[in-house]
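Trainee: Residue numbers (my numbering), protein chains in the order written: chain S, 606 to 722; chain H, 1397 to 1513.
It is worth saying that the hints were derived from the structure and are not from the lab. Be aware that one or more of the hints could be misleading.
[Claimed, not checked] Here are the simulated lysine to aspartate or glutamate pairs, EDC-like style, with alpha carbons at most 20 angstroms apart:
{"#": "1", "chain 1": "S", "residue 1": "Lys608", "chain 2": "S", "residue 2": "Asp634"}
{"#": "2", "chain 1": "H", "residue 1": "Lys1416", "chain 2": "S", "residue 2": "Glu649"}
{"#": "3", "chain 1": "S", "residue 1": "Lys608", "chain 2": "H", "residue 2": "Glu1455"}
{"#": "4", "chain 1": "S", "residue 1": "Lys643", "chain 2": "H", "residue 2": "Glu1506"}
Letter by letter, the chains look like this.
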Amino acid sequence: AQKVTQAQTEISVVEKEDVTLDCVYETRDTTYYLFWYKQPPSGELVFLIRRNSFDEQNEISGRYSWNFQKSTSSFNFTITASQVVDSAVYFCALSEPPVNYGQNFVFGPGTRLSVLP
Amino acid sequence: GAVVSQHPSRVICKSGTSVKIECRSLDFQATTMFWYRQFPKQSLMLMATSNEGSKATYEQGVEKDKFLINHASLTLSTLTVTSAHPEDSSFYICSAYSSVISGNTIYFGEGSWLTVV
């Protein structure tokens, strides 16, 4: 069965520091999708990125960047020059087709990031 | 992106009463909707999968008689917590899937905070 591990339960950094959130996944499928979501205190899940298993190209979006490495089954997320507004819980998730089967979408336990002023 | 809306965002009800939470896909038809529950400082736990026009599939350990799910149309699913008790207090979040919208992505609602007093 698929599994997502986020070893860092909580991270605290000072504003403007860079921070990397780790995500390691397990799957037997060759086709799968990886996601990162941000959950602020208000609760909603904010979609950050989706990456399919055939696209290992790293991505950068503003201060956010993602490093996908199939060799280590990792999909790490880096925030550059962190800001207080980045404080939230971040979830990594794995989806295997067919995605309309609920158990095929698996969340990691989440990493709580606190950015201190 | 696709929009999924939940209502109410926050609800307080008395112990023993029932409360209904709605999940609507606003700009697409959702063939499948999912309901999750999230306890404080924990990840999202899949409760059930509902397909339009058919009975919901509940995950192991979820009481189907307590958490009634109805997916009567392609844009609306409801979760009714019957005879609510304080231990049912939690954050409930829905998501929706469309076979028409590509990307094997599911879209999340804003979530609903339920407090049973």
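Trainee: Taking the hints in turn, state whether each one holds.
Mentor: Each hint, compared with the structure:
For the suggested pair Lys608(S) and Asp634(S), the alpha carbons sit about 12 angstroms apart, so the restraint of at most 20 angstroms is met. For the hint pairing Lys1416(H) with Glu649(S), the CA-to-CA distance comes to about 19 angstroms; that is within 20 angstroms, so the pair holds. At most 20 angstroms may separate the alpha-carbon atoms for a hinted pair to count; Lys608(S) and Glu1455(H) meet this at roughly 17 angstroms. With a C-alpha separation of about 12 angstroms, the suggested pairing of Lys643(S) with Glu1506(H) holds against the 20 angstroms cut-off.
Of the numbered hints stated above, none is contradicted by the structure.
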